[in-house]
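S.K.: The lines below spell out each chain.
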Amino acid sequence: MTTGKNGTTSLPVYTAKDFTSDQYVRWCPGCGDYAVLSTIRKVLPKLPFKKEDHVFVSGIGCAARFPYYMDTYGIHSLHGRGLPVATGIKLANEDLQVFVVSGDGDLLSIGGNHTLHAMRRNIDMTIILLNNKIYGLTKGQYSPTSELGKVTVSTPRGSVDAPVHPAAIAVGAGCTFIARCIDVDGKMLDAVIQRAVEHKGTAFIEVYQDCNIFNHQAWFYASQKDSRPETTIDLEHGKPLIFGKDRDKGIRFNNGSPEVVTLGDGITEDDLIVHNEHDRCLAFVYSQMNYPDFPEPLGILYSDPNKPSYDSLLSQQAPTGPAKTDADFQKLLLGNETWEVN
Amino acid sequence: MSKTDDRSFQCPEGSTTLESAVIRFSGDSGDGMQLVGSQFTDTTALFGNDFATFPDFPAEIRAPRGTTFGVSGFQVRFSSQDIHTPGDVVNALVAMNPAGFKVNIADVEPGGIVIVNEDEFTKGNLKKCEYSEGYNPLEDEELTTRYNIIAVPMSRLTRESLADSGMGAKDMDRCRNMYALGIIYWLYERPLEPTIKYLNEYFGTKKGKPQIAEINVRALKSGYYFGETAELFPSRYCIAPAKHEPGTYRRISGNEATVLGLVTAARKADNEMLYASYPITPASNVLHGLARLRDYGVTTFQAEDEIAAVCTAIGSSFGGHIGVTGTSGPGMALKSEAFGLAVMLEVPLVVVDVQRAGPATGMPTKTEQADLLQAMFGRAGECPCIVLAAQSPSDCFEMAIEAVRLATRHMTLVILLTDGYIANGAEPWKVPDFDSIPEFKVKHPKAEDLPEGPFEPYQRDDESLARPWVIPGTPELTHRLGSLEKEENTGNVSYDPDNHDKMMRIRAAKVQSAATSIPPLEVHGPDSGEVLMLGWGGTYGSITTAADQLRASGRSVSSAHLRYLNPFPSNLREVLSRFDKIIIPEVNLGQLSMIIRSKFLVDAVGINIVRGRPFVIDELCARVIEVMDQ
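Chains as they are written, first to last, in our numbering: chain C, 14 to 355; chain U, 65 to 694.
Derived from the structure by calculation, the hints contain no laboratory data.
Please read all numbers here as calculations on a predicted model, not as lab measurements.
Every residue gets a Cβ at the ideal spot worked out from N, C-alpha and C, and that includes glycine.
There's no promise every hint is true.
What the hints assert, rightly or not - Computed far set for chain U versus chain C, every beta-carbon distance over 12 Å:
#: 1; residue: Thr209
#: 2; residue: Asp228
#: 3; residue: Ser229
#: 4; residue: Ile248
#: 5; residue: Phe290
#: 6; residue: Val374
#: 7; residue: Ser380
#: 8; residue: Ala530
#: 9; residue: Leu548
#: 10; residue: His588
Unchecked claim - Facing chain U, from chain C, some residues (calculated, C-beta under 8 Å):
#: 11; residue: Val38
#: 12; residue: Ser90
#: 13; residue: Asn106
So here's chain C without its partners, still in its complex pose (with noise of 0.2 Å):
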């Protein structure tokens, strides 16, 4: 028995299958989503929340099915709308925990104005962003986080924009809390989702999500077992930047931007940069180290715990429950001036 939010202590135990759906799960075989899917289910048993307090909301996309798999409360809305409705479900209930599970198109293509002004607001919920790098459901277009010079059905010759990278936009939008995990690291996943839920405000958790179909093995240099350490670097509040195989390799700061030393030779993990979750210049540092040139950082990138939310600033104004027990309505309705006729 555990302690609920509101101090109720009549919080049941939960388990994964308390959160699974009736419904067949339609994704591809070996789609990255099934892992995640799998992680969310086993994590939430673990927060201390009644089931019915859960909300699911998704737009439209692969990753937008993910709401119909959840036995919870859930919306599957509009392409690119899930965080206005989220927006809405949490400012008629504060107390739900509402969760946005989108894709790249859905929150950063079409959906991206929603992404900048809900991490802007600090709404109190948690994003969680299925990256695949690719249209998926459309079949196989490129997406605002496709690379340069993609060929997909809709740039045979190859895509001419650049793409954005969804921690930069994060950063730039003000969000409070940016994470980053891979789909296959289940246990990151899972510690990471916790302190999201735990964040009082915007929690935002990009996943590198493997596209088997339409962009397969487009996140291999992360998500494999070998280059991974190579290719990532995995952040520890207060840790210095070490990262490799043999862990010989570090991150320090020359000149104001970041750069790869390898350790020895003069160089020891004094000069390296530390991890601090609270830095927000350094959050956007991270944001710029991008593969091949750096190691991509994965897990905590930044955290605000003090930064209000804004639901909690609007029931800090006034509340925003019913109306006033002594809200006199009929002086509402008379207004300022008002004259007789007999």
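Go by the hints and put chain U onto chain C.
M.R.: Structure of chain U alone, referenced to chain C:
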């Protein structure tokens, strides 16, 4: 402050008694014409006349001074009788500059009074409104014989009256509008006290600038005494208070009424409400009004765009607070995909469309009623929804309540159409007794309220065809809603062909079932006859007045006004059958007429005038006669 209506009111000897008068104030958009117009209206309301207003201003905040496109106008008609329109023809025009004169003079009746600030009729200003070189309308004999033009050196006189105030020229000049108002108050025998009180409260108390209050009050009084002493007017005019039903009255505009209607509806539904919108002319002040009413159970949210606004309202409804959004034509177009979502999810969503002249950006501050077909059909697929339309400023109150009642009863989208003219126009409103407004409490079922067995989110009520409004946080009833087609009752995603056909028809039937709780259509005038003038929206005043006028001249004409456009009142077909000809005047190119023709197979004739302003009664009557005499 209230004034008791004295039924034994007598017009003073020596003044001319009029049944009604139409005054139009005009000047630059920075000249305070809206302020003097609304002050005159408030004073007139307290005096007890029936009134109707028509503010007419440019979209720009401060258009270039002296230009014709920068002219801001405020027309008010007031009467000792029951009136419905702000008047076709102006009896007294106040023109603070040549541009105001040029734009408005043609609307003044022959022999009408035109009070101008002659100090502004300079060479430079005349040039700005593109009068030809050397021409001054004040010296044009044709104009001076046709109208009673009274040229007053208002700028000089205002400054003279404030000379010892110690204020700068700019501040003194800003009081010219009050000087003009003072003259008009004298001319129409209005009391000064209400405006003096307002000026002291607004500038003195609220803005903390008592010196500004003082000079405005002085300018007002000076204008009044000028009227009295200058002997420029043949007479003063008296318009006695009207005989209204007994009760407590206030002035109300359509947007104000919409605000009060929505907050009342939330209370009557016993449910909180979220109003999410994006600023857009002429709907923005619904957001402003509701933003001040957090203590009354409504929260407001200014979204980043129109689509975010409507989606937030939808999310709020799913979460358990009644979702409402407001906009104008362009915003409706942006929101259309989300409207489909509301219809598919079957959550309550109320949308207020304060129509304006389109298409695209159109004329933001001019009125029109060309969104009817968009409200009926402007969505992907077969996507029917309930459509309502308010017919006057005060009717927005009742129709806003109806919109919320129907949206929550049937778990669907309700579009309430109003327009810029009734949104900004004002009229007297007999304030209802709040407690006697019927309740329509909303229910959020718990597991024990529902039948045994697994929960089916789309199991319907037999009468309303609505699904149960189960909200997140309710134990044992977890379910998912989605924008994909769904299986009957269970709500699971379904591509089954027969199911889709069935679901289309169920959604359509649900909207039509709203007809059981709406009032029948009333006919104004004889129950049957040669012509029925049928209208909807803000044209109620002009159509009713035109029909009354035609009847008075011996024509067989009745009128009726639809407030429920989808579904129609169930007696509409029968009403139409009682008349030989149906004439449908609209401020669009024929939208209700298209629907009536197609649905009832009647050869309805449209009268379509799309000028960005309300109908001119005489023109409407002439067109009806043309059709009748064909």
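S.K.: Each hint needs a verdict: does it hold in this structure or not?
M.R.: Here is how each hint holds up against the structure:
Consistency note on threonine 209 (chain U): stated as away from chain C, and its beta-carbon is indeed over 12 Å from all of that chain's, at 41 Å minimum. Distance check for aspartate 228 (chain U) against chain C: the nearest CB is about 33 Å away, which clears 12 Å, and the non-interface claim stands. Every Cβ of chain C is farther than 12 Å from the Cβ of serine 229 (chain U); the closest lies at roughly 28 Å, confirming the non-interface assignment. Under the 12 Å C-beta cut-off, the non-interface status given to isoleucine 248 (chain U) relative to chain C holds; the minimum distance is some 20 Å.
Taking the minimum C-beta to C-beta distance to chain C, about 27 Å, the non-interface status of phenylalanine 290 (chain U) holds against the 12 Å cut. For valine 374 (chain U), the requirement that its beta carbon stay farther than 12 Å from each beta carbon of chain C is not met, with the minimum near 8 Å. Remark: the non-interface label on serine 380 (chain U) conflicts with the geometry, its nearest Cβ contact in chain C lying 4 Å away (cut-off 12 Å). Every CB of chain C is more than 12 Å from the CB of alanine 530 (chain U) (nearest about 18 Å), matching its label as outside the interface.
With a closest Cβ-Cβ approach of about 7 Å to chain C, leucine 548 (chain U) is found to fall inside the 12 Å limit, against its non-interface label. Against chain C, the non-interface label of histidine 588 (chain U) holds: every CB pair exceeds 12 Å, the least being about 23 Å. A hinted interface residue such as valine 38 (chain C) counts as satisfied when its beta carbon comes closer than 8 Å to some beta carbon of chain U; here the least separation is about 12 Å, so the hint is violated. A hinted interface residue such as serine 90 (chain C) counts as satisfied when its beta carbon comes closer than 8 Å to some beta carbon of chain U; here the least separation is about 6 Å, so the hint holds.
With a cut of 8 Å, the hint placing asparagine 106 (chain C) at the interface with chain U holds, because the nearest CB-to-CB distance is about 5 Å.
Figure legend: structure checked against the earlier numbered hints; hints not met, in rising order: 6, 7, 9 and 11.
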